[in-house]
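Asker: Each chain, letter by letter, is given below.
Protein chains: 4
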Amino acid sequence: MTGVRVAINGFGTIGKRVAKAVQAQPDMIVSGVTKTGPSHGCALANRYGIPLYCTDDSPDRIRSFDGSEYSVSGGLSDLLSVSDVVIDCAPGKVGQKNHHTYLEAGIKHIFQGGEKHELTGISYTSCSNHSQNLGVMGTRVVSCNTTGLARTLVPLREVVGEMRVECTMIRRAADPGDSNKGPVNAIKPVLKVPSHHGPDLMTVAEKIDITSLAVAVPTTIMHVHAIVAYLPSGHGLTTADVLSIWENTPRVISMSGSSDGIPSTAEVMEMARDIGRPWGDLHEIFVWSDGVSLDGNVLRYFQAIHQESDVVPENVDAVRALMDIEQDWRVSVDITDRSIKESFS
Amino acid sequence: MTGVRVAINGFGTIGKRVAKAVQAQPDMIVSGVTKTGPSHGCALANRYGIPLYCTDDSPDRIRSFDGSEYSVSGGLSDLLSVSDVVIDCAPGKVGQKNHHTYLEAGIKHIFQGGEKHELTGISYTSCSNHSQNLGVMGTRVVSCNTTGLARTLVPLREVVGEMRVECTMIRRAADPGDSNKGPVNAIKPVLKVPSHHGPDLMTVAEKIDITSLAVAVPTTIMHVHAIVAYLPSGHGLTTADVLSIWENTPRVISMSGSSDGIPSTAEVMEMARDIGRPWGDLHEIFVWSDGVSLDGNVLRYFQAIHQESDVVPENVDAVRALMDIEQDWRVSVDITDRSIKESFS
Amino acid sequence: MTGVRVAINGFGTIGKRVAKAVQAQPDMIVSGVTKTGPSHGCALANRYGIPLYCTDDSPDRIRSFDGSEYSVSGGLSDLLSVSDVVIDCAPGKVGQKNHHTYLEAGIKHIFQGGEKHELTGISYTSCSNHSQNLGVMGTRVVSCNTTGLARTLVPLREVVGEMRVECTMIRRAADPGDSNKGPVNAIKPVLKVPSHHGPDLMTVAEKIDITSLAVAVPTTIMHVHAIVAYLPSGHGLTTADVLSIWENTPRVISMSGSSDGIPSTAEVMEMARDIGRPWGDLHEIFVWSDGVSLDGNVLRYFQAIHQESDVVPENVDAVRALMDIEQDWRVSVDITDRSIKESFS
Amino acid sequence: MTGVRVAINGFGTIGKRVAKAVQAQPDMIVSGVTKTGPSHGCALANRYGIPLYCTDDSPDRIRSFDGSEYSVSGGLSDLLSVSDVVIDCAPGKVGQKNHHTYLEAGIKHIFQGGEKHELTGISYTSCSNHSQNLGVMGTRVVSCNTTGLARTLVPLREVVGEMRVECTMIRRAADPGDSNKGPVNAIKPVLKVPSHHGPDLMTVAEKIDITSLAVAVPTTIMHVHAIVAYLPSGHGLTTADVLSIWENTPRVISMSGSSDGIPSTAEVMEMARDIGRPWGDLHEIFVWSDGVSLDGNVLRYFQAIHQESDVVPENVDAVRALMDIEQDWRVSVDITDRSIKESFS
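Protein chains in written order, with our numbering: chain A, 9 to 353; chain B, 9 to 353; chain C, 9 to 353; chain D, 9 to 353.
Keep in mind that the hints are not guaranteed to be accurate.
One copy or two, it doesn't matter: identical chains are merged, so the pair holds either way.
[Said to hold, decoys possible] Here are the simulated lysine-lysine pairs, DSSO-like style, with alpha carbons at most 30 Å apart:
#1 K124 <-> K200
#2 K200 <-> K105
#3 K101 <-> K349
#4 K124 <-> K189
#5 K189 <-> K101
Hint data in this document are derived by calculation from the structure and do not stem from the laboratory. These figures come from a predicted structure and were not determined experimentally.
Let the hints inform the model, and build the full structure from the sequences given.
Answerer: This is how it looks when you write it as structure tokens:
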């Protein structure tokens, strides 16, 4: 087993998914994952046969695993010393401190969308700016929402050129495995107007001038985006052309609400469970084909985002960009997705 | 007790509220309400001291009340014969048939937003086209959503002139008293794109070119609109000016999510319950003041709509328009709202 | 305006309701309510015409109202000095400290069910132990759940004698005006087994040996109790007899899920809104008549509890007990309920 | 590929899961599955490489697949003619008609818990009455709820003997992939009291006298049972003994809400997703270890039921019973579960 040695710092919702996706790749191995203490989540690392390390280097923390069912191979520094690149899947806000550690260790590093663009000064989305990320020291894979916007808007922009976009994000209030957050029966607008969500796309994609509004609603399974895109006049496209562009775009799925029997995010996720990926994940962005309407220069559509997993394959591609082992994003995406697919069938 | 004799045909969610609001007016009396059969809802008519009639004229239907706790004074025709105007609060789709009945009886009539504009050829919103409705034979009070749009957009248009608007409607899935509808845990887009909701505004308001997208979410209490309005250049307004326009607009309330402690529709409805109207209703459209942002020519804001009640006072004003007893909409609104307020304090 | 001067310390969910209920009584006046600072909730005190005081006596706190829209008449001590009894509606856990203040001030006091029985050593429920509370210095009105259990179980026990009861409580996760709490899509058992909820009944009612289990579910409007009561053999009752006992019990409503069209708590609360009390409250415990089954000695039934309001009239009765102005609980209940009813019709 | 040829009639929520579980077995093959028409669900059969048949034999229905992406090998009769046993996974109520078909075709058959016990006169649960089902012509695998009760109560009864049980079932309102059902914000009691759910256990297990009450709540992921079991006096067990009995019971998982961080069904299902079965299924019944309390003769505990999947392995075992290929239920369970486990790792 050879390949790029990938450390995963943090083994929660995103970290466990990224670990499994990296394990499936032919050109990478997971050198280790970290946990703060000997909790229930460690069992999964054992099941995957991945070496476990402590999230930090303090001897006290490391000793906290003694006498538990789980044994660690050392602290974060030990893990970094046997790795080529680290994917930071720690909860938001820890990034600043971790960034310092990675720079000191001289290791390449990938953050998640919970961190700010300014931390690394460069961000990543497979379909948009893979080539800009080739060989860089550190980057940030953008958030689930930004990834979703890039997947459907960037291929359009490549065809029609500059666009202006308004997006309303209807966001799930809590993840499926989280019983603490609400609201139970309310709609909660994000009162910072416009919201930060949409413009984050501009950190990875040029020529898309986007603004967004956001609300949180009592559901756990997916975000939905209601998108209004103003195409340049003379674009020459029909609604069918737009659907056809997305059909040829990796990691975008388009199905009909009415004829495929998928009227809501409930049925989208059920379709995803049928596909059979671990956790019932949907790496693809889902577009309702019968909800797409191009009227003159104005394109309107809905897309659904599986907030727990759409960024997972992006992290794999980002490793290839940083390690400069695959220059063509489409090739990387193809290897990533095929390897994941083969690993679970 | 004198005044315009108002029949209310249908005594459900809207009918019962309209009845109570009409009862509070100095220039109207409720001549009667209708029920299909001797159900639990009849008790409320009795409590309000309003004569009860059967929804239709068939002797069988009328006789179905015999032996129940509730007695009726006759069928629909009997009610119409002692009334000057009828407010149709029947469930959607019955309108066509009822329209025929009203025309035959030669009685003025007001439908709700569940019916199409084409039924009457004219629609009604207090703040927008009261004067057009003076003396007409029949009209349609627009839906809760359209009423909400009219309340905040029309006063703006009066200041700045022609506008183009995009609205995303995040709709409650079921009313609070309804345990049949879902979804429990999903977001359901309205796949007719654009949706019919926004453009309905153009049946009552000129010079507002509006398009909308809509989703249903698992909450019962309010709709929320995320609105992007493009003001004409040279409008000369600031965000504070916009808030000030709404402060001077009847039936619009603006409060701060952060400093007033109203981050979601849950707290909006709690504030409404504190006001103390029957059913905890909120006749006003609620705008989060700290969610309003005017950036160049683009105005963005969120508003919340109490779907069960915002059209209630509009129906009262519509009576005054049709009966031609008050030509100035602001005067009518003032009488309506003050009378309602006095009736419950 | 004369009568017992009732101070209400805390003006939130319970406090505002108790204030309005006390205001409706012929033999009481609200001497004042307290707020921590000049927040949005103060507006309601103004609307009710009730003097406002600061929750504590520190000059800094009191001064925090200066320059706001709300003016206070002093601190808590000032309020207590012009009152005969204080109803403590502060959030849970503050009770201990407040108890000390009340004892020092020598004022009679009533706590809510969030405090422990041990704080006062005596608890209160109108239908169960009013006479034991006559003239005491301080008491605790039991929680919404315990009040609900007392309402239906005590009148039964009076007929049949000693009972053993198992209750499963399906609890609402958050109040309607609260958008912070979850879960959005889960059932959360109370893992302290048996739970503390049921046995609290034994602080106010003898000869009912009760145990309970509890879960929280994603709804905001009501708790539901699934109750299994073991009547003594030879009880001689039928299911109809049980229903008849509850018909003659104040503050218990029994309706049919099927024939009255009330299949769930959604329709129960809609019925309550029709009654027209402020906030759409339901002071009564709701029993589904077609869900009551007495099979041999085993009685099974469901009841729904409006957690925001069922204890409100109990607080009014408790004032009469402590001030020793009405010895007969049924007379007090009758005055309380009739006065409330008249105040809003 | 040899083995018992298993037809699966109906390929929805249960059918697709049973098909995948049967495919994993060393001694069975899936001879085919049925669909009513060429819908989206057919894709899954293709992906699994399972022959597709039409749900009935009418030439019109069969022809409806012509020209679609999906081709069928014939009608139901054709499928039965190449099968040894059929597992009926049709929606409830179709059972009666299908039963007739199976009897005419002379094929062994297994129904699901949506059908009545009377249809086959015998029911099935692996841990309770496997031996009674050896070689029978037809049986019914009991519902998800009954299966859950059998899993934890039968092993207890084997130790302590006869028991009396009261169970309150807090049921999910809709499955995760269903966006039609409600309620959104209510608790809905099953007003047939006692409910039919608990007593269904007595169709597979002797000496457990059980009664139940049920409510539906707005969640999609699991049912929860609140159970009170009265053990015979002199049972000699401690709470730890009970937990130890369940540890040695197949298809029961016990974890701690507090120390394992699993306070609600949200975290239970997240743990299940970590295990990695298709659809994130949990075949096991989940018991909160810190929610188990044995007090004298009264045992109280909570268990959570994954309604979509707990009966899946039971269907596999039922095939072995009917075909008389494995007499010992524990051996069958071991083969079933090990084969499923190996198939996805």
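Asker: If a hint holds in the structure, say so; if it does not, say that too.
Answerer: Hint-by-hint comparison with the structure:
no., hint, verdict
1, K124 <-> K200, "within (17 Å within a copy, 37 Å between copies)"
2, K200 <-> K105, "within (27 Å within a copy, 39 Å between copies)"
3, K101 <-> K349, "neither (33 Å within a copy, 38 Å between copies)"
4, K124 <-> K189, "both (24 Å within a copy, 28 Å between copies)"
5, K189 <-> K101, "both (19 Å within a copy, 23 Å between copies)"
In terms of the numbered hints stated before, the structure departs from hint 3 and from no other.
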